[in-house]
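Sequences and hints are given; from them, build the entire structure.
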Amino acid sequence: MMRWTRIEDPLFLIKGGLVYYTMLGIVLFLSGGLLFIANWADAAKSDRISFASNRGGNFDIYVRDINGEHARNLTNHPTDEFGPWAGIGLPVHTWSPDGRFLAYVSGRDGVFKIYVMDTRTREHRRLTHRREKELAPAWSPDGKWITFVSHDNEGDSEIYKMEVKSAHLVQLTDFGGNEHPAWSPDGKQIAFVSLSHNRGGKRDGLYIMNADGERLRRVPNANRGLIGKGCAWSPDGKQITFSVYIPNTRREHLCVIDVDGRNFRQLTRGGPIPILGNKEPAFPLLPRPPLPEIGSPAWSSDGKWIAYVYSETILWQTADIYIIDAAGNGRGQPLVTGARQNLSPAWVPEGFLSVSPSIEKQTTVWGRLKEKTD
Numbered sequence: 168m169m170r171w172t173r174i175e176d177p178l179f180l181i182k183g184g185l186v187y188y189t190m191l192g193i194v195l196f197l198s199g200g201l202l203f204i205a206n207w208a209d210a211a212k213s214d215r216i217s218f219a220s221n222r223g224g225n226f227d228i229y230v231r232d233i234n235g236e237h238a239r240n241l242t243n244h245p246t247d248e249f250g251p252w253a254g255i256g257l258p259v260h261t262w263s264p265d266g267r268f269l270a271y272v273s274g275r276d277g278v279f280k281i282y283v284m285d286t287r288t289r290e291h292r293r294l295t296h297r298r299e300k301e302l303a304p305a306w307s308p309d310g311k312w313i314t315f316v317s318h319d320n321e322g323d324s325e326i327y328k329m330e331v332k333s334a335h336l337v338q339l340t341d342f343g344g345n346e347h348p349a350w351s352p353d354g355k356q357i358a359f360v361s362l363s364h365n366r367g368g369k370r371d372g373l374y375i376m377n378a379d380g381e382r383l384r385r386v387p388n389a390n391r392g393l394i395g396k397g398c399a400w401s402p403d404g405k406q407i408t409f410s411v412y413i414p415n416t417r418r419e420h421l422c423v424i425d426v427d428g429r430n431f432r433q434l435t436r437g438g439p440i441p442i443l444g445n446k447e448p449a450f451p452l453l454p455r456p457p458l459p460e461i462g463s464p465a466w467s468s469d470g471k472w473i474a475y476v477y478s479e480t481i482l483w484q485t486a487d488i489y490i491i492d493a494a495g496n497g498r499g500q501p502l503v504t505g506a507r508q509n510l511s512p513a514w515v516p517e518g519f520l521s522v523s524p525s526i527e528k529q530t531t532v533w534g535r536l537k538e539k540t541d
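The sequence shown lines up with residues 168 to 541 when you count with this note's numbering.
Please note: incorrect hints may appear among the correct ones.
The calculated lysine-lysine pairs, modelled on BS3-like cross-linking and capped at a C-alpha distance of 30 Å, are [stated by the list, open to error]:
#: 1; residue 1: Lys332; residue 2: Lys311
#: 2; residue 1: Lys332; residue 2: Lys355
#: 3; residue 1: Lys300; residue 2: Lys311
#: 4; residue 1: Lys355; residue 2: Lys405
#: 5; residue 1: Lys311; residue 2: Lys471
#: 6; residue 1: Lys355; residue 2: Lys311
#: 7; residue 1: Lys300; residue 2: Lys332
#: 8; residue 1: Lys405; residue 2: Lys311
#: 9; residue 1: Lys300; residue 2: Lys355
#: 10; residue 1: Lys471; residue 2: Lys405
#: 11; residue 1: Lys355; residue 2: Lys471
Since the hints were made in silico from the structure, they are not lab data.
This is the structure:
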């Protein structure tokens, strides 16, 4: 008959059936992690991600494989393409559907404007010419329009769209505090976040409107707390992901909801993170923000993954890009780290490879960058 010996700590079983079940549990636990890694590896075979970072000293737009290889600086300009105040939780670049053109925010002319780069010719042109600061560009699925947010000197923000070829401008919202426009996959609707809690909170929430600005409606059941920074549609057009501060968890989370307001789901987990231990923030006149902060979600084209910005510091002084299973299976995993600020993730269209110089022929500098910044 098989015997086993128990010592004082019952976890240390050296023989018999309990060892078998203990080992079986370990194997199942590890297999779950390996399955996540394997699925991520499948995505890495075909997907590339672009992001904004100050890893080179100033802010530029980079592109790299999802597995960390073949990094390139796309904008590579000595002036910040956008400053930290322009990029806090905001998307600062967007791709044309065919992957040839990149629209991005730059302060190279003294004020934040939207520029377009041809990735084939490397030519840049300024798209917007108004006096206001313009941020958060989003390209329409048909490639004809770019929406963006215009900020005036009084801090008011409204959503506009501009026709890329003619520069024809259309104002879509008019009640202030509107941010983060995101096109539906069919190009018929635009989702956005209203941060009107800055002016009383009467319109605070997640909204959807038609592409012409008509039929504005608030997504019901999305206001489980304080609406955060950014939103994105699922590729099938049935769901929207966004960040929200949930009171009972005392922190901001990445969430998903059906466009009709059903099936609210919280993807990220965990409780609040202390700010500087028991010390007061370095900005005593500002209210304590909930940490971590989450923003700029971006849904992969296959619908399986959501990339987002994650920061455990006040005002995004440091920030990394994470990825999470869109179905809610597992925790967020770091994807882009190693610099002071990594912001504004975007999934690169497949057409980018056919119209731009071969990434595989570029010098891979990611390892050296990590050595300098880790």
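Evaluation of the provided hints:
no. : hint              : in the structure
1   : Lys332 <-> Lys311 : holds (7 Å)
2   : Lys332 <-> Lys355 : holds (19 Å)
3   : Lys300 <-> Lys311 : holds (22 Å)
4   : Lys355 <-> Lys405 : holds (13 Å)
5   : Lys311 <-> Lys471 : holds (27 Å)
6   : Lys355 <-> Lys311 : holds (13 Å)
7   : Lys300 <-> Lys332 : holds (21 Å)
8   : Lys405 <-> Lys311 : holds (23 Å)
9   : Lys300 <-> Lys355 : holds (26 Å)
10  : Lys471 <-> Lys405 : holds (14 Å)
11  : Lys355 <-> Lys471 : holds (23 Å)
When each numbered hint is compared with the structure, no violation occurs for any of them.
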